[in-house]
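Peer 1: As you go down the protein sequences, you meet chains A and B in turn.
Just so we're aligned: 116 in my numbering is position 116 of the first sequence, and the numbers increase by one with no gaps anywhere.
Just so we're aligned: 3 in my numbering is position 3 of the second sequence, and the numbers increase by one with no gaps anywhere.
For the record, the hints were derived by calculation from the structure and aren't laboratory data.
The model shown is predicted, which means the values in this text are computed figures rather than measured ones.
The beta-carbon is built from N, C-alpha and C at its ideal position, and this holds for glycine as well.
Accuracy of the hints is not assured; some may be wrong.
[Stated by the list, open to error] Derived DSBU-like pairs: lysine-lysine, alpha-carbon spacing no greater than 35 Å straight-line: (1) B:Lys31 / B:Lys116; (2) A:Lys24 / B:Lys414; (3) B:Lys31 / A:Lys24.
[To be verified] Distance windows between CB atoms, simulated: (4) A:Asp10 / B:Thr156: 49 to 57 Å; (5) A:Asp4 / B:Glu303: 46 to 54 Å; (6) B:Gly341 / A:Gln92: 47 to 55 Å; (7) B:Glu404 / A:Glu34: 51 to 59 Å; (8) A:Asp109 / B:Glu298: 23 to 31 Å.
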Amino acid sequence: MPLDISIQKDISDQGAGIITVKLKGSLDTATAPELAEQLAPVLARSMKDIVFDLAELTFISSAGLRVFASTRKMLKERGGQASFVHMQPQIQEVFEIMKSLPGVAVFKDMAELDRYLAARQRSHLQNE
Amino acid sequence: MKTLSDCRVLIVDDAKANLDILVDGLKADHKLSVAMNGATALEVAARTPPDLVLLDIVMPGLDGYEVCRRLRQRPETADVPIMFLSSLEDVQNKTRGFEAGANDYLTKPFEMLEVKARVRSLLKAKAYSDAVKEQIATELRVARDIQMGMLTQDFTPFEEAYGVSFGAVLEPAREVGGDLYGVCAAAPDRMVMFLGDVSGKGIPASMFMVRAISLARLLAREIAEPERILARLNDELAADNPSGMFVTFLCAVFEPRSYRLTLANAGHCRPVLLPADQAPRWAVKNLGTALGFETGLEFERTELMLNPGDALILYSDGVSEAFNPQEQCFGNDRLLADAGGFAGQSAPAITASLLQSVREFTGTAPQSDDLAILTLKVHTGDRMTLALGATPEEVMRGVAALQEFATAQHVPDKATFGLALALEECASNIVNHALKDAQKTLQVAFERTGDSFVIELCDDGPEFDPTAATSLKSQAEDDDLPGGWGLELVRRNVDSIHYRREDGRNILRLIKRLVSASSDE
């Protein structure tokens, strides 16, 4: 059960600087280290938000959750957060365990996420 | 149909003069055989069965009456026309001749013309009755084919869809009969099987059988509960039943995901439950009322588990009430006792063994009633074992094997996901903590037994109890849960976790109950 990882940077005005990580397959004890490895250079930059698109993620275990958890920890320290969209029901059930951690936001779909990010973007701009 | 000139007449007379007259008179019209005493007549008749016998009465040795009786006893001459030709004129002698089985009686001296006319008349009557019999036999053969065609013949689709196997046999006592059975795929998790026995035998029973089986097949697809299938079937059969026929009927619904078997009985012989590891017993307690008497009846429902390796035998009273030549009955006690010897056999083998038991018991006694057997056996939940290396990749190979195995065992997807997750968490824990040396192996086994699924993990690493909260070095992220997220996910996805240290090995058993899992879907 392999894991496909695709990391995209959104360069549109609205989502400026947001990284979307699409995961396909199984995020488990064998594949989690690879995700951590691929995220490391991304996190090394000073970005605040990462969106995990889990539409095609079919399996996840605590090894996968830990990668998400450490990612959201780094983002939270910078005032950002890890967002998750398109969770399948069985993934959602496993995810319950870390859903309430600070710096974690779960969205049903891209429209819901976009509205949220747009509002955040505005508040960032106002703060600057 | 044979022409009259093809018909063979056997002439039996101890007086050569009589023989010569008869031979002369008949040889132009028919084929002839002759015999000058009773014993020879029986030999000739056995060698070349005649179409008609002209029989003298007073002969040395066997007399004509005795020859006539013996011819009637043999199947090949049981129906052959026999005419006595005798000088005995008394009405007592004539009566005795007819009582021995003769069709006609002519006194000597006779007119040859009259003999010829009577021979022709008897042969014509015989030919007519033969033709009628042949037509009926032909129609019965076709009727039998139609009736047999209504029974489930190919069980392969059910066996593949429901993880079961079947064995079936139906033998009418006559060409057609009143026993019936069937299997219906009602829903992905619901299979209906039934077996019935219409009152009486032969054509009347077969007509009612056709009605019952057609209705049963329709209702089995429409209605989920066996007791309601019977209630509806009874209403339909009783509504228009001027001949007052009835059918005893056993209906069973099997749900392979939960192994639940629900039965309802309408006056039929109680089916035998043959558990894999226990003595056979009756699957239902009560008989109930047969179908067809009056509308509005209700039927009792029995629920039990038919686990992997268990079998259910439905049968008609052609089995339990088979008689041997000493007029003893096969009986329920013998049935249960014999069934105990069938444990471990396949469904077709159980069916064949039971049929053989009945055949051995009845011996030479003719089959007195229609006989039907339908056996269902649930496939054994095979145990799967594999050895995994102590690497994450090997753990995931085990997870993939479990998913494939569970799916093949009809475990619901949601439960399979939970089992896969539990295995992943436990196995990766063991690999990461107990078996740091990658040369070691982790033995895993999966087993579906009845309503639960068991995962067993076994390794010969240092003592390591993953269920002990302190055994896992919690990462900073999962400080909030004892044992960390991994153990928590295992707890959430199985019903019990058992660890033991035995012979220098760690043995961890995870048990998930599938009945509760499927009910909250």
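Peer 1: Decide, hint by hint, whether the structure agrees.
Peer 2: A quick look at each hint next to the structure:
Taken as a hint, the Lys31 (chain B) and Lys116 (chain B) pair is honoured in the structure, with Cα atoms around 13 Å apart against an allowance of 35 Å. A distance of roughly 19 Å separates the Cα atoms of Lys24 (chain A) and Lys414 (chain B); the hinted pair therefore holds under the 35 Å criterion. The suggested pairing of Lys31 (chain B) with Lys24 (chain A) is violated, with an alpha-carbon distance near 92 Å, which exceeds 35 Å. The hinted window of 49 to 57 Å between Asp10 (chain A) and Thr156 (chain B) holds, with their beta carbons roughly 55 Å apart.
The beta-carbon spacing between Asp4 (chain A) and Glu303 (chain B), approximately 47 Å, falls within the hinted interval of 46 to 54 Å. The hinted window of 47 to 55 Å between Gly341 (chain B) and Gln92 (chain A) holds, with their beta carbons roughly 53 Å apart. For Glu404 (chain B) and Glu34 (chain A), the hinted distance range of 51 to 59 Å is not satisfied, since their beta carbons lie about 24 Å from each other. Taken as a hint, the range 23 to 31 Å is violated for the pair Asp109 (chain A) and Glu298 (chain B), whose Cβ atoms sit roughly 52 Å apart.
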